[in-house]
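Enquirer: Chain residues, written in single-letter form:
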Amino acid sequence: MKSISIKQLSVSFGAVTVLHDVDLEIAAGECFGLVGESGSGKSTVLRCASLLNATWSGKIEIDGKDIRTMSIQERCRTMQMVFQDPYGSLHPRHSIRSALELGLIVNKVDDRETKMAQAMRDVGLPVEFLDRYPHQLSGGQRQRVAIARALVLEPHLLLLDEPTSALDVSVQAEVLNLLVRLREEKGLTYLMVSHDLAVVDHMCGRFAIMQHGRIAEVLPREAILDGSARDPYARELIAASIEYERAI
Amino acid sequence: MTQAPEPSLTTNRTRLPQGLVMLGNILSVLARTPTSLFGLVVIALLVVMAAFAPLIATHDPYIQNLANTLQPPSMAHLFGTDELGRDIFSRLVHGARITLTIIALVSIVVGPIGLLFGTVAGYFGGKIDTVLMRITDIFLSFPSLILSLAFVAALGPSLNNAIIAIALTSWPPIARLARAETLTFRSADYVSAARLQGASSARIIWTSIVPMCLPSVIIRLTLNMATVILTAAGLGFLGLGAQPPLPEWGAMIATGRRYMIDSWWLVTFPGLAILAVSLAFNLLGDGLRDALDPKQMNRR
Chain D
1 MKSISIKQLS VSFGAVTVLH DVDLEIAAGE CFGLVGESGS GKSTVLRCAS
51 LLNATWSGKI EIDGKDIRTM SIQERCRTMQ MVFQDPYGSL HPRHSIRSAL
101 ELGLIVNKVD DRETKMAQAM RDVGLPVEFL DRYPHQLSGG QRQRVAIARA
151 LVLEPHLLLL DEPTSALDVS VQAEVLNLLV RLREEKGLTY LMVSHDLAVV
201 DHMCGRFAIM QHGRIAEVLP REAILDGSAR DPYARELIAA SIEYERAI
Chain G
1 MTQAPEPSLT TNRTRLPQGL VMLGNILSVL ARTPTSLFGL VVIALLVVMA
51 AFAPLIATHD PYIQNLANTL QPPSMAHLFG TDELGRDIFS RLVHGARITL
101 TIIALVSIVV GPIGLLFGTV AGYFGGKIDT VLMRITDIFL SFPSLILSLA
151 FVAALGPSLN NAIIAIALTS WPPIARLARA ETLTFRSADY VSAARLQGAS
201 SARIIWTSIV PMCLPSVIIR LTLNMATVIL TAAGLGFLGL GAQPPLPEWG
251 AMIATGRRYM IDSWWLVTFP GLAILAVSLA FNLLGDGLRD ALDPKQMNRR
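Sequences listed follow chains D and G, in order. Take the first sequence: its position 202, counted from the start at 1, is 202 in UniProt numbering, and no numbers get skipped. Take the second sequence: its position 105, counted from the start at 1, is 105 in UniProt numbering, and no numbers get skipped.
Looking at chain G on its own, in the form it has when it is part of the complex (with noise of 0.2 Å):
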């Protein structure tokens, strides 16, 4: 019997838990360009600026002080104060946890949620096919911000029905995706073999169907989130989103918005944080789609 030669250079390395070497292989691929590292290095800092948000902040971001309003930037108020004298640094820095709540729930609702009628949907096909498909379709031929504020204003102005909002919004485009991406695994050979092992169609989608669908659905939700901040943002800053006092960054600039030629640092630094995050998740999302790549993948 002639064996074929052993690939060798993986020998070693096989000893690693499958998961670790792929996170491994997923980061060198990301590190190795400079704007997919930015982007990485960026969401670091709101994920540590989050979490150690009472230890970052320099002052309690609810304390109001009218004595002191509206001081620009100094030593004292690195990112100056607004107009009730709160420290808009510790307010930027509070509002981390409130933007990273809202992408992690939207994440959490949407992935799950379009994955489940994009691949039910793409394996089945035939009449389940359109049923599920149609509804998406009717999601999708609204403009989500315009679908967002159709539901806050029915539900209330709060931060979760925001969230709530976003996600009902924002799950379509992952479901066609996920639903092309099944088209495609569908007939493989290797979902035949399952099948006539007998498994039953849910086990052959959970076990075979979705881990192909996943790098190209974690891709689309990273791209997205940039999305999702703009319109959690944009809610907050019609009103619909979240309510003062809470430091969310888009409110910020909604009420900065009218001392803005007098005091530019208002608006300026809750807006620079906008623009930093969602250009973040959009540069990471480009880089995750190089580290995705099968090809990326097998080089273990």
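Same shape as in the complex, but just chain D (with noise of 0.2 Å):
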């Protein structure tokens, strides 16, 4: 189990500020939800803290150790990141082997059949499903085939960026299940972006909600039901979930 603390993160892409002294701890095996309106820097935390945007001021650390000073393979076998869309996330011209593959083979892990059999079971996909293509998969199949990506180099952070947002109803219960289960079973940290907070109420011990690219308020998950928020847009954020829960 690791922890992730950001301190003082801000980004800018030309004249715009896209995030401004994001302050974050996250406590190790916990799971830490990210809420915001769309523009508001959730994604891009995420992008930061993976380096896959890589110009940002700050500070940010796993374990207390800055994760600019670890090297490429270090950073890969302690974090890994799942991906919105599971139809954009997975080449089109590579089986499943290939993408589940790649990492092992990239960071020298011997014994690649039996780790790439191990996480297509952990979630829940028949080892077959190896020489499959991703047209082959459903949605739900896919973004399981994501995670196992994400989970075959062992990690001990995964960063979630909406996992289940392009996915149908009933198969976002099952994604998310099978999160709460990989965690409890590999003690994972996450810090998930979402923005429904039903999503959060069910994943999430905490979470942060995010404005124009600040933390407006870090709420316990309670906070949802008994309206202890404090900051106008956090309660207003809330409240307007709630009626959109009811409505539904």
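Any given hint could be a false lead.
[Claimed, not checked] On the chain D side, residues computed to face chain G include the following (Cβ under 8 Å):
1) 52
2) 90
3) 107
[Unchecked claim] Pairwise CB distance ranges, derived in the manner of DEER restraints:
4) G:211 with D:139: 19 to 25 Å
5) G:108 with D:55: 39 to 45 Å
6) G:32 with D:121: 41 to 47 Å
I should point out that these hints are in silico values taken from the structure, not numbers from a laboratory. Here a beta-carbon is modelled for each residue, glycine too, at the ideal position from N, C-alpha and C.
Once you've looked at the hints, go ahead and assemble the two chains, each given alone in its own frame, into the complex.
Expert: Structure (structure tokens):
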């Protein structure tokens, strides 16, 4: 289990500042949610933490170790990411086997077949699916493959970028339950972006509400129902979300 | 767990190797449209002619017979004889080899160079992109035949130099195409995922980006082949490509030009051959554009 701390994270694209001094502390083994409207900078936090976007200032530490000082191999084996759209995150011309194997080859991991088979079993897919191509799988199965691809390197920290928002409602629950189970089994730490407070309520112990690139408030899960949020924007967002749930 | 229903239609066909299935699909799509079928058949004929040239040719393409010059087409000489008494049909058949060599060599050189320049420029962007694209701009700013002429004039006229010259002038469009394609793929999630798995840029370009660019590059190369044939024939016609007595189609037209008024067959048959083959490559390229469409490809 590893903790992650984000200190004074700021990002600017040209003249536009997207993130203003974001501070987050996520304890080892915690599932932490990031909520906010579109364009509030939720996904940018993940892209910075994974160094997909490397032009930021501030400090991101995993178990007290600056991620910029980690070697690529160490970073890959500590932290992996699951993307929002399972149709875009798997290469259409690569079999599931080559998608999973890439990380193992690059990081020079031995015993690849058993590792890949284990990852497939972990996400509840038959091992024979390794020889399939993404277009032969359903959306939920693809997202499971994407999770297996992240797990095959045995990371401690998983960055989840709206992992269920591209999926059908019935499949969403499956994938969320899978993520909950994996966290318990493997002692993973999650940092999850979502715009769905119901998902956050189901998965996360704590969550942060973001607005215009700032953290408006960090709240425990209970705050969704007991109305203990102080920040006006946070209250508004929670109220709107609950009203929406009722309307459905 | 409610697993989505299996796409059962594909289950028994997945046994076949991926490449073979794809090739079969492409061929069946091509065969369905008459124009691309025509292209395919003409090119197949060209390949067969080149492969079995000594068996198909009725005479030796180099043996002269000065007692038998400028004979019109007859049973003895299907397409007649030229000014030195050589059988035109046999020369055409042997010329297919030269044409194919030119096309093959140019494509082998141009495809990888264009892909390399385009994908590297598109993937890295920034200064690397600027430098590589300005280099391609320099090559693009000359008309390709003029540039080839200049190269051949500098290197000396021969078939090999013509091939080098044509290759030098035809890679920039491929590079531009590959770059444009790369720009659309480089921010895809699967590229990000590969980066997070620790893959190096070279590996990502080779395994993730090149396979996505390949279909359009192949289409472009096929459409390019018609231009390559015409440029090669043009260089041959100007005496800067294949040298006599090589039976290159453009060179045959150039020498036949002097006798064109009295002996039409000297220029007509090589001309028809050039027309048929370049038309065939154009039609095949058009057909490939449909066949390599991702929607068709995924219909396994």
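Enquirer: Can we keep the residue 52 of chain D interface hint, with Cβ of chain G closer than 8 Å?
Expert: Holds, about 5 Å.
Enquirer: Residue 107 of chain D was flagged as interface toward chain G. Is the shortest Cβ-Cβ separation under 8 Å?
Expert: holds (5 Å)
Enquirer: A closest beta-carbon separation below 8 Å is what the hint needs, so does residue 90 of chain D meet it against chain G?
Expert: holds (6 Å)
Enquirer: Given a hinted range of 19 to 25 Å, is it respected by the beta-carbon distance of residue 211 of chain G and residue 139 of chain D?
Expert: With Cβ atoms ~23 Å apart, the hint holds.
Enquirer: CB of residue 108 of chain G to CB of residue 55 of chain D, is that within 39 to 45 Å?
Expert: Given range 39 to 45 Å: holds, Cβ gap about 40 Å.
Enquirer: Evaluate the given range 41 to 47 Å for the C-beta pair formed by residue 32 of chain G and residue 121 of chain D.
Expert: The hint (41 to 47 Å, Cβ to Cβ) holds, given that residue 32 of chain G and residue 121 of chain D are roughly 43 Å apart.
Every hint, counting from the list given before, is met by this structure.
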